[in-house]
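Asker: Read top to bottom, the protein sequences are chains A and B.
To get the working numbering, take the position in the first sequence, counting from 1, and add 1.
To get the working numbering, take the position in the second sequence, counting from 1, and add 3.
No lab work stands behind these hints: they were computed from the structure.
Some hints could be false.
Stated by the list, open to error - From chain B, some residues computed to sit far from chain A (all C-beta separations above 12 Å):
id, residue
1, A6
2, E52
3, G64
4, E67
5, R80
6, Y83
7, R109
8, E129
9, L144
Stated by the list, open to error - In silico DSS-like cross-links for lysine-lysine, where the CA-CA straight-line distance does not exceed 30 Å:
id, chain 1, residue 1, chain 2, residue 2
10, A, K190, B, K90
11, A, K30, A, K17
12, A, K73, A, K190
13, A, K20, B, K90
14, A, K190, A, K17
15, A, K270, A, K5
No residue lacks a Cβ here, since even glycine has one placed at the ideal position from N, Cα and C.
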Amino acid sequence: MSIKGRVAIVGIGETKWYKRGQSPDAEFKLCVAAIKAAAADAGVDPREITGFSSYSEDRNTPARLANALGVKDFAMSVMQWGGGGGGCCGAVANAAAGILAGYCDYAVVYRGLAQGQFGRFGQGAALNVIPGDMGYVMPYGMLSPAQLFVMRITRFMHEHGVNQSALRAVAMASYHHAQNNSRAIMRGKPLTEEAYDASRWITEPLHLYDCCQENDGAAALLLTTTERAEKLAQKPAVLLAAASGGDPRAGEFGASACNAPDYPTSNFKYVARRAFATAGLGPQDVDVLQCYENFTGGVVMAMVEHGFCQPDEVNALFTLANLKAPSGRLPLNTSGGNLAEVYMHGLSLITEAVRQLRGTSPNQVPNAKVSMVIGGPMVNPVSNLILGSS
Amino acid sequence: MNATVLPPGLPRPAPSVEGLGQAFWEGATRHVLCLQRCQDCRTWQGAPELICRHCGSYRLGDEELADTRGVLYSWQRVWYPVHPALKDAVPYVVVLVALPQAPGVRLVGNLVNDPGGPLPIGAALEAVFEDHHNADAEYTLIQWRLMS
Numbered sequence: 002m003s004i005k006g007r008v009a010i011v012g013i014g015e016t017k018w019y020k021r022g023q024s025p026d027a028e029f030k031l032c033v034a035a036i037k038a039a040a041a042d043a044g045v046d047p048r049e050i051t052g053f054s055s056y057s058e059d060r061n062t063p064a065r066l067a068n069a070l071g072v073k074d075f076a077m078s079v080m081q082w083g084g085g086g087g088g089c090c091g092a093v094a095n096a097a098a099g100i101l102a103g104y105c106d107y108a109v110v111y112r113g114l115a116q117g118q119f120g121r122f123g124q125g126a127a128l129n130v131i132p133g134d135m136g137y138v139m140p141y142g143m144l145s146p147a148q149l150f151v152m153r154i155t156r157f158m159h160e161h162g163v164n165q166s167a168l169r170a171v172a173m174a175s176y177h178h179a180q181n182n183s184r185a186i187m188r189g190k191p192l193t194e195e196a197y198d199a200s201r202w203i204t205e206p207l208h209l210y211d212c213c214q215e216n217d218g219a220a221a222l223l224l225t226t227t228e229r230a231e232k233l234a235q236k237p238a239v240l241l242a243a244a245s246g247g248d249p250r251a252g253e254f255g256a257s258a259c260n261a262p263d264y265p266t267s268n269f270k271y272v273a274r275r276a277f278a279t280a281g282l283g284p285q286d287v288d289v290l291q292c293y294e295n296f297t298g299g300v301v302m303a304m305v306e307h308g309f310c311q312p313d314e315v316n317a318l319f320t321l322a323n324l325k326a327p328s329g330r331l332p333l334n335t336s337g338g339n340l341a342e343v344y345m346h347g348l349s350l351i352t353e354a355v356r357q358l359r360g361t362s363p364n365q366v367p368n369a370k371v372s373m374v375i376g377g378p379m380v381n382p383v384s385n386l387i388l389g390s391s
Numbered sequence: 004m005n006a007t008v009l010p011p012g013l014p015r016p017a018p019s020v021e022g023l024g025q026a027f028w029e030g031a032t033r034h035v036l037c038l039q040r041c042q043d044c045r046t047w048q049g050a051p052e053l054i055c056r057h058c059g060s061y062r063l064g065d066e067e068l069a070d071t072r073g074v075l076y077s078w079q080r081v082w083y084p085v086h087p088a089l090k091d092a093v094p095y096v097v098v099l100v101a102l103p104q105a106p107g108v109r110l111v112g113n114l115v116n117d118p119g120g121p122l123p124i125g126a127a128l129e130a131v132f133e134d135h136h137n138a139d140a141e142y143t144l145i146q147w148r149l150m151s
């Protein structure tokens, strides 16, 4: 049994986006608001939501949400393992699996972030001792996500002759698209190649503009069967495939990741193959792509591992002209992405993938029929999904 | 040596609660590279585990390398300090080092002699054992020097 064509995203909900720490509302309240907005978008009473799915150890527990929303039954609660946004599409896969199994009729996938309330994501706690896997890296000042991942990018660029201009093009595409998106944090702040080149290093070869923002807000997706979807308010975004996992030998973040047999990878080689096999599609069929920019170099690696180009074609494909909507070869991160719209750990990429199929994107790709999301490259597990208009 | 590449204040390494890494960090204090190795299939494991990932054996031992040279596999030069202890220590270089004597194993360390600019992947390195004498613990970090 395949998941293809049997479950759809029928509602999307988002709060206002804030810079990190600036939400006036508590994280839980943001989360409730996004879930209610997704239900209202679909035309579904939020009390019908009986399945809850999230990822990256979201702090807003399904038990508290079910209680607050007054749902009629609390039937499914699923957490996708792994940190960062690697699980954003995996959470959709898990919700869809629960719906197909009959555990619930309506499931919500959600993510809430209020970092003024809870402290910064990705900033390690102050420790005196670090045992085990991370003890091999943290004493050497390799602490943050950028520092933990960047040497994969450096090695990949070395092996394949990738230029800095490829990383820059990913940043340029996100900033370009954000200028048309009234909700984007970086609207009104266009990026030039000169400004990118002159920006400070975070850790070489990553400039400031190669690294995602940090934001507050919440987003939610409402899922149900494609049969029920036909009677609801919105044009459904049908799930053609969703996959998660990684390279079985990829390890975690510390010594195990550094000793992975295949080191310069975004961990998508296995996952990409499974997603396209489920959908019965290939990269040439994708009309518009949202690819999670934790760091631009991860986007380049993930797109190569999905077959959007060969490694030796990276420098040619990764230009702003090729990556911008509506006319580029492969429009990328059309709402402004994590770099320039908002960093909602990937859920805002999925809402944008849905808008592309509805025809309501701020940077609409004409007649988009296959809309793909690649979540959180370089962590383990990662995940992706493919949505279709039918 | 007296000076350390990075200032005090970063967390110090320790074996896992299961004891993984104990021989490695103890070897570092004796200024040797001591790595986990399967006693059945002879595979090295740079990230120690309770089982051999290659053959599934539980018969794991620890073996010292005959010399302490490595090869630069990847690197980063950190400019943004994410830890308060590093505020005045940037930029610093983190290297990922392959060990030709232990195929498949890579170690992270700092470069003690950063020449600046892009670093030569594939270049030869030698280990520099950096002893730390903290009030609560004595330990040794394994740093690396570009050989000329």
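Asker: The structure should be examined with respect to each hint, and the outcome stated for every one.
Answerer: Evaluated hints:
no. : hint           : verdict
1   : A6             : holds (15 Å)
2   : E52            : violated (8 Å)
3   : G64            : holds (18 Å)
4   : E67            : holds (18 Å)
5   : R80            : violated (4 Å)
6   : Y83            : violated (5 Å)
7   : R109           : violated (5 Å)
8   : E129           : holds (17 Å)
9   : L144           : violated (6 Å)
10  : A:K190 - B:K90 : holds (29 Å)
11  : A:K30 - A:K17  : holds (12 Å)
12  : A:K73 - A:K190 : violated (45 Å)
13  : A:K20 - B:K90  : holds (24 Å)
14  : A:K190 - A:K17 : holds (18 Å)
15  : A:K270 - A:K5  : holds (20 Å)
Violated hints, listed in ascending order, are 2, 5, 6, 7, 9, 12; each of the other numbered hints is respected by the structure.
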